[in-house]
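Visitor: Required output: the full structure, derived from the provided sequences and hints.
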Amino acid sequence: MTAVPAPGAAADAPVPPMPSTGVRRHHWLVRLTHWLNAIVLTGLIASGLQIYGAFSRFGLKGGMRIGPNPFEGHGFPRWARLGGWLAGGLNWHFALGWFFICSGLAYVLYLTISGEWRSLLFRPRDIRPAIQMQLYYLGIRKAHPPQGKHNALQKGAYTFIVALGALSALTGVAIYKPVQLHWLTALFGGYEFARYWHFVAVWVFVAFTLAHITLVFLVDPASLRAMLTGWYRGRFPSHD
Amino acid sequence: MTEPLTRRDLLRMGIVAGAGALVTGCGWDGGPLLKPGLTAMARLNDRVGEALVSPHRLAREYPVSERSGSAFPMYYVSDELPVLADPAGWRLTVGGLVANPLTLTLAQLQALPRVTYTVKHHCVEGWTAIATWTGVPLTTITTMAAPTQAARYVRFDSFDSGYYNGWDLQTAMHPQTILAYAYNDQPLRPDHGAPLRLYSPLKLGYKLTKFLTTITFTADRPGGYWEDQGYPWLGGL
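Chains as they are written, first to last, in my numbering: chain C, 662 to 901; chain E, 3 to 239.
Hints listed in this document are in silico derivations from the structure and should not be mistaken for laboratory results. Predicted model, so just to flag it, every value in this text is computed and none were measured. Glycine included, each C-beta is placed from N, C-alpha and C at the ideal position. Mixed in with the good hints there might be a few duds.
[Claimed, not checked] Simulated restraints on C-beta separations: (1) E/V50 - C/G850: 23 to 31 angstroms; (2) E/A109 - C/N730: 43 to 51 angstroms; (3) C/L876 - E/L83: 52 to 60 angstroms.
Guide: Put into structure tokens, the structure is as follows:
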């Protein structure tokens, strides 16, 4: 005889499948700024590598060499550059910089006003969950630690990348106007060091992006669609 | 359970990746669609830069011991180093929208009150170097020439194969903008623009006209040798 749940026995019934629409995850502004940034940052890095080729070392002429710099003394291949020559690279860089800063400000402003920063900003209380999450990833801890929209390691990553974006923009402005904004340039150790940190930030961005893309495809491919459509239908729905 | 990517998702990814690939990998100047936008952004950056210039903020000065010495690079656009055939016949001409057009010899310029500073030079290429420059503040010459109310820009011409620059009046009138005739306490060498060059620690090196011959006050914005080819016009630091 087929077991038919009696009325009132709903507590024993299996959890109903998630609606096919999934959960609402990303506001349109978050998706817009994310993909705008993907394009703009690609252009900024490519035009930046074009600019770098005009003087491929760090430090004052006749002064101390700043490093380490594995790229010292040579430019980058043509496929990696944008602008064709120094002036072209500069014009792309100084135009795209506005989009980078504006999209970054729009994103942070949205998080602040919507309150979504709470699920993204890494705070001291996230340190313990971050360690637990790391233990889980290493296979030492068996159960997936409870989490909100993002786990503590993700919060750390998303907080770090916003800080890196701010650092890139500020070091960029510092080497753009080292006389009028000399206090900002001095904050990064002077023009030559600000230029170096601006360059180092590029490789941190590249490493972060490669890890980010790898994790999306290996761990949670559904998050890619969520960043496109706004709806998440994967295996890590929000616990909020 | 993970949903497989749909065709539409892949198409969207393709559009994004395609846009990224389009802007890289070439000397793309933006094409007919984006080039005007880039030019407009460059002018916006010039305006922001002009707004940032404070007439009273001085660029930092350095001790003489920090000079870059022989490591200081130099360049010119002529095929060979421009040298005057008749140095004694050289004159600086000041004209355009001025009440008193001037013609000055080097000796007359050197007799005027001088300024000496040791400052950092920023090249558009990204290198920096420190040197001492001595010369006449441009404001001294401006006071003598008395520009009219209509003057808004300054044009500097040279005998280096038509090399020239256009400046905003505000930076031209900055106390650290000088007409330099000495470099590291020695008379200006030909490779640094002898007999007279424009100098300021507030602008990139390509704005600092060497081998100077003529100063012209104008109402319309003058271009420049590199600026006409696409380099940022203001070149302000």
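Visitor: Taking the numbered hints from earlier one at a time, note which ones the structure violates and give those numbers from smallest to largest.
Guide: none
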